[in-house]
Structure formats: structure tokens, C-alpha cells
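Protein chains in written order, with my numbering: chain Z, 1 to 589; chain V, 1001 to 1589.
To be clear, the hints were calculated from the coordinates, so they are not data collected in a lab.
Ideal Cβ positions, reconstructed from N, Cα and C, are used throughout, including at glycine.
Treat the hints with caution; some may be incorrect.
Said to hold, decoys possible - The calculated label-pair distances, taken between Cβ atoms and stated as ranges, are:
| no. | chain 1 | residue 1 | chain 2 | residue 2 | range |
| --- | --- | --- | --- | --- | --- |
| 1 | V | Asp1374 | Z | Asp393 | 46 to 56 angstroms |
| 2 | V | Lys1259 | Z | Glu385 | 53 to 63 angstroms |
| 3 | Z | Leu21 | V | Thr1088 | 43 to 53 angstroms |
| 4 | Z | Thr396 | V | Lys1259 | 53 to 63 angstroms |
| 5 | V | Lys1298 | Z | Ile166 | 35 to 45 angstroms |
| 6 | Z | Val198 | V | Lys1133 | 25 to 35 angstroms |
| 7 | Z | His529 | V | Lys1089 | 45 to 55 angstroms |
2 protein chains.
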Amino acid sequence: MNKIVLAQIDTIAGDIDNNALKISECIKKAKEQNADLIVFPELVLMGYPFGDIFVRHKSLIERQLSALNEITNLTQNITALIGFVEPTKSAGKKPFYNSVAIIKNREIIDTARKILLPNYGEFNDYRYFESSKDKPAVFELNGEKFGVIICEDSFNHKAFFKNKCIYDIDPVSEIMKQKPDTIINCSCSPSRCAKEFVKNSLFSSISKEYGIHYVYVNKSGYADNLSFDGASRIYDKTGNLILRAKSFEEDFIITSDYKGVINQIPKGAEKEINLENFELNYTNDLDRTYQSIVFAIKEYFVKNGFSKAVLGLSGGLDSSVCAVLLADALGSENVWGISMPSRITSKESKNDAEILAKNLGINFFEIPLPSAIDTMKSMLNSAFENINSDKYDKSTTMENLQARTRATVLWSISNEYKNMLPVATSDKSEAYIGYATVNGDMSGGFAPIADVTKTKLFALADFINKNRKTKNVIPKSVLDKPPGAELKINPKTGKPVCAEEDNMPYEFLDEIIWLIENKNFGKNELINHKFIYEQKYNITFEQKQEWINKFYRKSKCAVYKWHILPPSVITDVHSINSIEYHQPIISSV
Amino acid sequence: MNKIVLAQIDTIAGDIDNNALKISECIKKAKEQNADLIVFPELVLMGYPFGDIFVRHKSLIERQLSALNEITNLTQNITALIGFVEPTKSAGKKPFYNSVAIIKNREIIDTARKILLPNYGEFNDYRYFESSKDKPAVFELNGEKFGVIICEDSFNHKAFFKNKCIYDIDPVSEIMKQKPDTIINCSCSPSRCAKEFVKNSLFSSISKEYGIHYVYVNKSGYADNLSFDGASRIYDKTGNLILRAKSFEEDFIITSDYKGVINQIPKGAEKEINLENFELNYTNDLDRTYQSIVFAIKEYFVKNGFSKAVLGLSGGLDSSVCAVLLADALGSENVWGISMPSRITSKESKNDAEILAKNLGINFFEIPLPSAIDTMKSMLNSAFENINSDKYDKSTTMENLQARTRATVLWSISNEYKNMLPVATSDKSEAYIGYATVNGDMSGGFAPIADVTKTKLFALADFINKNRKTKNVIPKSVLDKPPGAELKINPKTGKPVCAEEDNMPYEFLDEIIWLIENKNFGKNELINHKFIYEQKYNITFEQKQEWINKFYRKSKCAVYKWHILPPSVITDVHSINSIEYHQPIISSV
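Throw the hints in and build the complete structure from the sequences for me.
Listed below in C-alpha cells is the structure:
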């Protein structure tokens, strides 16, 4: 039987020289270990995701092809599968194929070309690639027959997806007509909620159905809002998982009889997640969410030349969870948490921020805002004296001024100190309705939790407190108090206004978001839908309607903010991240 | 001969009820004028550009189909061509066609479906639509035979584009096999530099080649960074333009013998623009650039519920040109220009700002920054005392603090006053190399000149001074002095550092940008290219190389800023606006 290497590596878009070097080193290592075959992820030589870079910088293609030649020369006594961008070279076609070169003994013996070109969500394959009309590529090695498919080509298998197929062709059935013993799938598949269960069931069922081995090699790495989780693997002829590479980490894994180590994936990730009904039980996705974000922070910082983070610590849920994620990704000594109390900030909040910082062991200090706020306020008042125009009855100017002054402090620190990035602490629920200040709390070099809703964030905080090596780092009072930005005082209570007073209960808001993202509900469907929240808290129909109307009013104005959100990481089933979701600012929804 | 209406209207994405109402009113008006046929732009009923809204909000499709039914009922004694999103209703296909319903006497007699689905630049047709395999739609009306095509379907005509064709099929040749007397092209085609010449030549040559009438109906309106210029038109059987609707304005134009009024298009727009060689002579695109931006501002403000703008006036080129464009779009009484001098601001700059404001008749006052800067500075210094980490040798903290404080003033004003939007004054040359401050001058609700390079902006300022009804509104000294943000003092000269000292000459920078965007040059090609600048100023090879390296170093770090640029308007041949160009933050270029 063949000795196969799953080369689960990360390469950078357009960085051809370094990508080629990394690939070459893997081939060398594989040869040293007497491997017969080495398999790399989809598009490994160009590096993925690449956006339009090789469209605008045409020489990247030439450089890539010459690098492929150089790699070809290294394949004496080994077969290598290398994903690359292949020019179609004929008029009347898109300029490129998404291809895998099958290289054996210093010769490209065949080229597998992707047939199904996803062009939804974060995928833009059809923007660049022509769909292959060729017979799928099959090659023989030491008496074993391998069929090569590329990522999406596996995801239209009619026996599995049935009426949910979105393409006409099923490349898996097509390639099986040539009766390979083993299918190899080269992929770039980002980690998202509810994806692992589908992948695992699909691959297992294909190998079982045909009685073949199924080898899946996936990219590991973060880029462009996507965490690729790796977790490359092999299923045996009866559909059993018999080998799995690491998750959220590069790996180089070799097998002689297909069996090998089965690395852990995040706890719960293998379970089916209920997409038929919203439930506040996020259990099965918390470990994956945590790992995916920590990995994204690590990678984003390193790849952009940063090693340190600075964030505002308010003593609230968002900044507390962000601080933990940053400390775990960068090391607590590389995180600065700053408490910036205004006159409205409560003593409890200040305390909570300090306790959290101590628990985490991150750098911490306090900078009181009042003097800066007062000076800015008097400057603004003299500006206002000069403007003769209608004022809002209730303006948010002074609330936003606090948030903006805090952001100015954080950005100034990052301008002053080497390799330090300010972090935006906005969460997904708030982003949806624009409950974040432009140039304020939504501003930063990276936004770790921008795709985590508030209710899920509470669950994540609880998960962190229970499962992190140091238990209970997030003070209980942070989890117990109602979320709120502490930017204004409610004149009736004399206390800071909490967010749910301004908006609506987060449980309800998150249920709306879930229904839109998972059920494609419009406003009418929402109004007619029986919410879980409704049944639980027995609210009136008018109340429900009011909140839904408020949601649409606010989210329509928030779209501008979605467009200027900092880089983040997509982690939910769907998101408002513009890499995935295209929402025009001018529209009725 | 048939009496035809070109209904050059603007509709809003997803706003089905209002779009249907607008369409109905046009049909009613056309009937009152005894028209035989009324033609609307592509996708008029859904409203374009729509992003993913009907993918996520599925009920929009149902609502649209029922609106189409209602419209169908209004077509007694008239034929109407209505663009809409048509479900494909079969498995193994993309869910929709991009279609035009041909409605005659209360019945949809045929449906034209788009064949060529552009998926480059700002276009994402293939993301949603299946390419039609049907015979192209031809219908008869009073003995005249009409062939219906949709936008891109006209742009692969082999006799015209020759080896530049990017698709296999040429729908124009296909439809001509059915020998129509007239081709109707329903379009949504945004205005860009160098586009009008191609459109005019193409349509004229098709009508001449086949001896047919060519009717082009285009959307007018701005949305999602795109200005659609309308300018719908008819060519006669010999290729002569015999009717043209207004540019950058809705229009309803009726013809009984195809002839009619020929409205002006922007001066110079019909000329061919040299895309083989960079030239500083922007003459033929200045009027179009001006009109396109003024239109975009007007539309962006109205459609988002704003009527007033506030901007910082530095006395420099960028803010001066922005002020003129805003005044012309919104009325000078609705624009507030604020001078916010710091200690570094020169007297000349303050004077220039004031003179410009007076010339334009906009609201103007001054708010000195020093006291606010001083307070912030002392707050920052006490923060810095608490941070034990490596500092930059030369930090930009204090320069950025000035820019951020100015932006805080502008945003605070917009938070305080009704319907007022702060405007970002960054230009394209600066955006490319990130020479703009996050949360500072690059921040705002709209960025009018983000797709205009600095050298073109000088030409535009000159054009404005010569051609605007009030001549020379921009003071000569603004055009004469070297651009610079006046954020720091050069210790050698004792004067504020000008931008070209920090970066490189704008003439050289803009030539790099032009070569990347129009010739797809990479770094090596740039280094080997003989620049016009080089010949003109006789610089050394080392100097050229140093600037090119600096460009790449700076633009790589600037990509993050490209992603958080405010909404703007694409006006150049190519841009870095993320609606058109997908650039990952993590990449080698």
C-alpha cells in the first residue's frame, strides 16, 4: 500500500516564492520518510484566499507557473498533488482553472480541474475560474488507483444531499465511473458553526457507499476573515475515520496503511447542530468558536507584523471576553487592558475590569477621562454656537464623545508603541443594530467577537470560566449584570442605562438575527412567527411587533457601520461580514 | 412606426412596492401619450445593485412576482419591457435568471433572459443568476420585429471586440439570426472613465453592421459606490445617434419615428481616452468626473435621509474641491466648512479656507484646536507612563491626534444636528499609500474624492475654476502650494512638512497607480518600465527604485484602510473600492 503524506500547510496569497519554498521543504521531508505520495491543499501554490490580486498583478501567474516547474523538478521518486491557478489559454473562456497538478517523477502527468465553482457566501470561484468539462483525473500508483477532486466537487453528491443539490453535475459519481480505490479531496474549507457534522457525515457516507478510501486535505490558517481549521483526514472503506490531522494548526502527517493518529477536534464540533429551531443552548459550538477566534487573532497579528494588543476594559462582557481571547492568543504579557472611567462609570465596573486583568495576568492601568471630556465638550459647545441648524431632541453626542475619546487613546498608544494593535470589542448583536460608536468602540485593528451574538457570548464566557486552565477568570458579576455601555444616566433610576432598555432583550434580538440568517425570514415572516422568547416570557403581540420594527429601523441605519467594521473572523453559520454577505447601503432592507 | 418610451428611471434595491408604483406611473403616462412600447432598465423591479438581499430575505422574490402580476394587468393597449429577478424553478441550476418580461395586453408573451453574466469588477451576476440557454427573445409589434438583449449580452460582439471577447457566445449575432428590425438593450451600466466612447462606438457599429435600430435604456441613479449615468439612446440604421436622454438624471423620453432630442453628455466624454500611455492631460474626463461625483453626493444624501454636510476646511486642495462638490450637490446653505487650526497650521492656509468658503457662500467658522490637543496630550502622556514596551523612533501619534480630534468635532456635530453628515476628504493617491489617519481625515459618512488621484484633482480644481458659473472659487494659492496635511514641522526648514517630502512626487505616485490599474503591472514591470516622470525630470534609477519600493511598503500597510473607507463613488477606470476590487489584507501585494 502507498505511503501518503497529508501536507496540511498554510500559504499566503501571492507570496509565491515563500509558498514554493514551504512546499519544496514538505516534499523533501516526505522523500526522506520514503513517502510515495504527498497531497497539498487546494490552490496551495498561489495561496488562498487571494481576492483579485492575480487579476490586477498579472505577473503573479507567470511567477507561479515557473515555481511549479521548479517544484516539478523535485519529484524524483515521489508523486505530489499541488493546487494552483492554471491559465485556460483559450478565448471565450474565463482566464483560469482551479487546478491540481499531478506530478510524478519530474513530470506533470495529469491535471485535475475543479468542476463546481462556488460563488456564494465567502466563495468567489466563478469570478476567476472556468468550470472544467474534462473527464475527472484518475492516476495509478503502485497498483492503487486514485481519483482527484477539489473541495466543492464533493459537495453535490446526490445520494447524500438529495434535493438540496445546487448543481447539475455530481463529480463524485462521475469520477467513480473510473473505479478508483481512493478519492483524494484537496480543499480550502473555512471553519464555521455546524460545518464539521456535515463534512464528517458526507465524507464517511461516500467512502462507505463506494467501498473506497477517502482522503481529505484541508488548509490550516487564517486570512481575510476566515479561519481554516485543517483537520485533514482519512476514512476507510467502511466509512470509519482512521486518521485525522490537527485542528487550527499546520500539520504534516504520514500514513503507510492509511491508519494513524486521530487528533482531537474541538469538543462538540462533531455533533449535529439544530438549524431548525433557535436554541440558546450553544454547547456544541463553544469550544470551536473559542479555538477559531484565538487562532484568528494569533494569525492576524503575526501575519501583519503585530505581537501586542491594547483594549479598553469596561468591566462589561464584550471587553472581558475579548481580553481572555487576546491573552490566550498572544500571551497575557502582550495584552494591555486600560480602564477609562468617565463620570458615569460605576465603581463595580471599574472593580470588575481590574479583577479580570489580575485574573488574566495582563497589563492593566486606569486613565480617567473627565478632564479630556470636559475640554472637548467646551470646544464642541463653542462649535455648536456657530451652527444655526435644527438639533436632535435627544442627541447621542456626549455618549459618543466618551467612546471616541477612548478609541483615540487606544489608537494613539498603537501609534506610539511598536507592533501594538488596538482591538475593537463590538459583538454581533450590537453590530446588527448599530449599537456601537463610529470611531469609538467599533473601531480597532481587529474585532475578535464581531460574529458572536450577545447570548452566545454569555455562553462562551461561561465555557471559558469552566474549561480554561485557570478557572473563573471572568468575574461572576460581569456575567450577572445586564449589558450596557455606561454612556448615559437614566434620569428615572439615576443609574447608567442598560443596553436592553435602549434596544430590546438580547434573547429576542438574537432570535431575530438567527431567523434571518438561518431561515431567510423577512419582516412579515418574523411578525407571523411564534418566537421562543414569546412563549417563554408571555409578551404581547404589540410588544413583539414594536421590537421587530425597531430592529429594522436600527439595522437599516447600521449597514453603513457593517461596511467599515474592522477585520474579524467569521464563526457563525452566517454573518454580516462583507466577505460573506453583500448588503448595499442603499436598499429597503 | 411604433411610438416608444425610454423610461430611464431609478429604483431602489428591494423596495418593491415603490418601484412597482414608479413603473406603473410611467406606464400610465406612456398610455396617455399613446405609446406602443415602453422600455425600462435591467432589473428595474427589484432595483439594482441589490447585493445579496433577496438571497437572505427570500420573501422579496414573492413580493416582486406579485408586483409583476399587478403591473401586467396595467398593460392594456401597450407593450412593456420590465427587468426582474426570475426564479429558475429547477434543480441543478442557480436559483434565478436575470430577465426582462415582455408584457403585451395584460399578458407576459415572452421572457428575455440574460446570457452573459459578468462577474468581474463591480459585477456579480453569476453569484445569483443562471445563464440562459434559450433562443433569444424576439417579438413583433405592428409589423416591426424587436430583439431584446440585456446589458452585457451586447458586450461580446465579435465583429467589434475581436480577440478581446471574454465569452464564447455572441448574443448579438445570435439574435440577429431571427432578423429583428430593432435591437433593444435593457441595461444597468455605471458611469466610469473611458466607458462612453466604447459604448457609443459599439452600439453605433452594431446598428450600422446590421442596418437596424439600436435602442439602449440605462438606469439613472447612484447606489453602492456606483453612479449610473442614464444617457439612454437610439441609433438609426446607419449607426447615427438620433436620440439621447439626459445624463445623471431620470428621464422619460418618447419617440414616434425614433428621432428626438439629443441631450448633452458631459463635455469630452465621447472622446477616446488614451489607455495605452499615462498622461497628465485629464481634459476629456473632468466634466464627467465632476457630474458623476455631484450626482453621487446628491443621491447618497437624499437616499439616506441627509441634506446637510459638515467638513473640515484646511485650505488644502482635497477639502477645497470637496467643498465645491458638496455645495454644488446640496446647495451652499447646506454645507458647513470648519477651519480647525492647530499650532502648526499656517496663516495662509487659514486665509485660503476662509476665502474659499466666502467664494462658495457656504457656512464657515473657526474652532482652534490647541486647548483640546493639549489636554488630550497630557492624558496620553500619563497613559504612556504606564506602558513598558518599545516605542517607535519616530511616532505619528501627535500628527494623528490632530486629525482624530478634527474628526471627533465633525462627527459630534453630525450627532447633534439633524440630517447632517460629516464628509471625509481623502483622495485616491493618499488612500493607496495609507497617507490618511484612521478615525481622522479618512473617516466620514461619505468620501466624495476617494477615487480621484491627486494630479487629476489638480486638473479638476482648474476645470472647476474655469467652468463653474462663478469662476475661480478655489483660491489660486490653494492650487499653487505643495499639498500637505500640516500635521508636523520639518525641523530643517521650520515649515510644515509637505506630503511629497513624506512620500514621493504625486506625479510619480499617480503614474504607478495608473500602470497598476490600467496595465496590470507588478513590481518588476514597474521597475523595468520607463516612466514619463523619469524622462521629464531625469531622475536616477536608484531614485525610481526607492520610490517604487516605498510605494509597495506603504500600500501593503494601507490595505486595512481600504477596507474601512467610507462609501464613495467609483469614477476612474479602475479603483481600490472594495465593491470593485477584492484585495485581501493578508497577501504579498
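Verification of the hints:
no.: 1; hint: V:Asp1374 to Z:Asp393: 46 to 56 angstroms; verdict: 34 angstroms, violated
no.: 2; hint: V:Lys1259 to Z:Glu385: 53 to 63 angstroms; verdict: 59 angstroms, holds
no.: 3; hint: Z:Leu21 to V:Thr1088: 43 to 53 angstroms; verdict: 46 angstroms, holds
no.: 4; hint: Z:Thr396 to V:Lys1259: 53 to 63 angstroms; verdict: 56 angstroms, holds
no.: 5; hint: V:Lys1298 to Z:Ile166: 35 to 45 angstroms; verdict: 41 angstroms, holds
no.: 6; hint: Z:Val198 to V:Lys1133: 25 to 35 angstroms; verdict: 31 angstroms, holds
no.: 7; hint: Z:His529 to V:Lys1089: 45 to 55 angstroms; verdict: 26 angstroms, violated
In summary, the numbered hints that this structure violates are 1 and 7.
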